[in-house]
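Keeping the supplied structure of chain P fixed, place chains A and D upon it in accordance with the hints.
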Amino acid sequence: MLTCSLTLFIPTLTLELGTNSMFKFITQAIKRSLRRSKIARFSTGYLILLLVIIIFAPYLAPSDPLALDLEHTVQPPSMEYPFGTDGMGRCILSRIIYGARLTSLAGFVAILVGMTVGIPLGLIAGYCRGKIDTVIMMGMETLMGFPYLLLVIVLITMLGPSLPNAMVAIGIWIMPYYTRLARASALSIKEQEFIEAARMSGESNFSIILRYIFPNSISPIIVWSTIYYARAILMAAGLGFLGLGAQPPTPEWGAMTAIGREYIFVAPHVLFFPSIIILLTALSFNIWGDLLRDILDPRLRGME
Amino acid sequence: MSEKLLEIRDLSVHFNTFEGVARVLDGVCLTLYEGEVLGLIGESGSGKTVTGLTVLRLLPISAKVVSGSVYFHDDNLLVLPEYKLRDIRGGRISLVFQEPGTSLNPVAKVGDQLMDVLKLHQQIGDNNAVRAKAMELLEAVNMPRPSLVMSQYPHQLSAGMQQRVAIAMAIASNPDLLIADEPTSSLDVTVGKRILELMIYLKEKRTISSLLFITHSFGIISEICDRVAAMYAGNIVEYGDVYTMLHKCCHPYTKGLINSVLDIDKKRSELKPMKGTIPRLINPPSGCGFHPRCPERMDKCPVEKPNLNPIAKNHFVACHAYEK
Amino acid sequence: MFKHILSRVIRAVITLVLLVSFIFIAMHYAPGDPVTTMLGAGAGPEKIRAMKHKYGLDKPLAYQYVDWWQRMIRADFGISWKTGTNVSQRLFRSIKYTLVLASTAMVIATAIGILAGIVSATKRDKLFDATTRSITLVGISLPTFVLGLGLMYIFAYLVDWFPSSGATSLKSLVLPAITLSLWVAGSLTRLVRSAMLDVLNQDYITGARAKGFSERFVIYKVALKNAGVTILTVLGLQFGLLLGGSVITEVVFSWPGLGQLMVEGVKSRDTPVVQGCVLFFAGGFIVVNLLVDFIYSYIDPRIRYQ
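Protein chains in written order, with the numbering used here: chain P, 1 to 304; chain A, 305 to 628; chain D, 629 to 934.
Okay, chain P solo, but in the shape it has when bound (with noise of 0.2 Å):
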């Protein structure tokens, strides 16, 4: 549909241009919409924070995101905790810190189960076409028709609520994406006469797809893992909410919106720091995701 326009664009840039000065096409081409934007330079210095956050994170958070502080539940912030307390007295900052380390390893994990399957049969698909193709894209087509969080949910109740098998659960959801994105890449770098050469040549179809298709898809898939990157993020944080994904008391974003909820009247900034924390993540990444689609293919501006 209108997506797989911009994903086969993707892969007959790279052949022109070569791996190497694709990069460096992206490169300034980012360059150059950062130096327009300030929006743009707000949202890359805000994942830049974050980044250092993740990283640091033991050195920067004043408590420990676990202890309890029964004498000091519900503090509005203070010098001692900065964001306050929650409801058991754990300090909100320190909860948020931690967070972002869990947040973003679950987005990890998450595209990292979906691109282990889903780049495999989309490169498969696409490269060896008849009837797996037509097999394996309707499974895929079907998977993607459904609402997302139905699917995940299907998923979740399968495996019981916890953060890792959330990790599965999204993964599952996001590799039908990558497996669409790998054959649009497969069906375009197969058309190459270096791979007819290696056919001849005898190569195994096995070893072509690992040896040429594979390494020629990477930009794309490389582009587009930052897009679904985000969204697996915010999948987790909204299990994390609805109570499917981590479970108390783990530091996790979306289940620190589900404890400040209950606190919503009382003490607001329970839920605040956490909610904002999760607007801004999103925010940054969404402005990323419409930069880095701009560069790629401005015919599609405000698509998807």
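If you are wondering where the hints come from, they were derived from the structure by calculation, not from laboratory data. Watch out, some of these pointers could steer you wrong.
Unchecked claim - The calculated lysine-lysine pairs, modelled on DSS-like cross-linking and capped at a C-alpha distance of 27 Å, are:
| id | chain 1 | residue 1 | chain 2 | residue 2 |
| --- | --- | --- | --- | --- |
| 1 | A | 388 | A | 437 |
| 2 | A | 437 | D | 853 |
| 3 | A | 617 | A | 552 |
| 4 | D | 853 | A | 413 |
| 5 | A | 579 | A | 559 |
| 6 | D | 754 | P | 38 |
| 7 | A | 388 | D | 631 |
| 8 | D | 751 | A | 368 |
| 9 | A | 437 | A | 423 |
| 10 | D | 849 | A | 437 |
| 11 | A | 308 | A | 368 |
| 12 | A | 604 | A | 579 |
| 13 | P | 38 | D | 751 |
| 14 | A | 308 | A | 388 |
| 15 | A | 617 | A | 507 |
| 16 | D | 631 | P | 131 |
| 17 | A | 604 | A | 308 |
| 18 | D | 631 | A | 368 |
| 19 | A | 388 | D | 751 |
| 20 | D | 853 | D | 751 |
| 21 | D | 849 | D | 751 |
| 22 | D | 754 | P | 31 |
| 23 | D | 853 | A | 423 |
| 24 | A | 604 | A | 617 |
| 25 | A | 413 | D | 631 |
| 26 | D | 849 | A | 413 |
| 27 | D | 849 | A | 423 |
| 28 | A | 437 | A | 308 |
| 29 | A | 497 | A | 423 |
Same frame as chain P, but now just chains A and D:
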């Protein structure tokens, strides 16, 4: 001597593109008299389509009229208020596009589209009268089985039939001027010939009074036009009546155009294409736009842009080599 | 056109069949033993065997599968493992609420989305364009639950205009409906905008203007009709997003609909409830998409007159 119907004076149009400003029209001067067929010939990219679109102010947002005027009778169309312009569009000046398939509304029936145009520009009594007039129009363009076509959608018609529909819509309100932008270029040769014959027929019957015929083919020019203007890189480089242009043209570009067409009467063993390609209009060549490709280039040419000068009665050339 | 419709119906039926089977298999292999859930961990093996027999859980898989289908046709979803009540009853009770919420939100979202999309496509004002883009960007970045909670805080607490939970009156529909619709509206606006922009670049738009039609006519009677086909397709997809969002919205606002029921079911490992909810949701989704397909094939003359 007939009246001036359309006069384009010194028209310059610039397009904003990703890479800069493209000077698509650069001081175009053109006059069309009542009752005549004026041909506008040039390669793709010469600006001939843009000229046609500018007359009716149908340019895209990225285009800007930088200077000049377009006089239709006594009105400058470029400064006319919107509501008056709408009366003229489709009413007194009509446009027929190159691709009939894409210029018709795909989700409306042919009959409805015709009737909409009729209702817009003419006060014809009730629906039945409008419908009857629409059928008349289809018959006037030699449409086979007009009553069936009325209830069909454009995609159900062949390209030739689509173009007939487009022409029918264009002549619906008996316009003073019909601008035809390469109406046969995207059709099969035999189909195109039929359409051309139709237009000649309509002109003879006075259904079409005056015609601005935009094309890239001298073959077509020779069949239908009274006068011809040749365009290159946004400028009119030569114009005159059709006989003069075909046999006694002067400008090196016009000569090149004529020579690059095979003439079945003359014996020649190979095609004689012109050297080079049309210039990019973002940084057009200095002076005369044709000088990089011109076999008759002089020292003056890259420096000074030549104006249109009369060489003979009704024959104008913009070339330093042919200045009197 | 009929061939087209028939193929769509067949596709829908196949998907439905696959779905029902998949649910059966998924639930059968889900960890968590219904019997243990119901009886508690310390129950003796005798009691466990008796329970299993009572619910037919010790019969072979194939038998259970057939039985499953028989029950599906009767819309019998069994007994809730947690509360012991009849699942079908609860399902039918809850679905009313979800339908009300979803349809209200869909109507709001469509109205906003289409209008805003058209306006932002046709108004060439740079400032307006940029503002719309920013608003819609925020709209789709905000996860539904954050938005819902935010709205709840502002309108149910700070100003106390609307109730924050439950489904007691028409007023309590307001916040959840707006929350649910805004996200879809943002996404829809962007899609409508680009569909319109695509159409407005077509030759027949210039052709229509060349015939002297007013800009209004060109946009609403020509461009919109042509974009309508694309927009309809998109609406079907948006409905899927809406369904997903409705689950979250129902939880946020304690709206007693299917979504809330389903989440509770998952948390308490109450499989029959989850089965029923998923089937209802998914089935509804398939039906809606089929309807959209029908409308689409009727409206697009290129399909109608093959």
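Verification of the hints:
no., hint, result
1, A:388 / A:437, "25 Å, holds"
2, A:437 / D:853, "26 Å, holds"
3, A:617 / A:552, "13 Å, holds"
4, D:853 / A:413, "13 Å, holds"
5, A:579 / A:559, "13 Å, holds"
6, D:754 / P:38, "16 Å, holds"
7, A:388 / D:631, "49 Å, violated"
8, D:751 / A:368, "18 Å, holds"
9, A:437 / A:423, "10 Å, holds"
10, D:849 / A:437, "23 Å, holds"
11, A:308 / A:368, "26 Å, holds"
12, A:604 / A:579, "20 Å, holds"
13, P:38 / D:751, "24 Å, holds"
14, A:308 / A:388, "20 Å, holds"
15, A:617 / A:507, "26 Å, holds"
16, D:631 / P:131, "24 Å, holds"
17, A:604 / A:308, "34 Å, violated"
18, D:631 / A:368, "49 Å, violated"
19, A:388 / D:751, "22 Å, holds"
20, D:853 / D:751, "18 Å, holds"
21, D:849 / D:751, "17 Å, holds"
22, D:754 / P:31, "23 Å, holds"
23, D:853 / A:423, "20 Å, holds"
24, A:604 / A:617, "26 Å, holds"
25, A:413 / D:631, "23 Å, holds"
26, D:849 / A:413, "13 Å, holds"
27, D:849 / A:423, "15 Å, holds"
28, A:437 / A:308, "31 Å, violated"
29, A:497 / A:423, "31 Å, violated"
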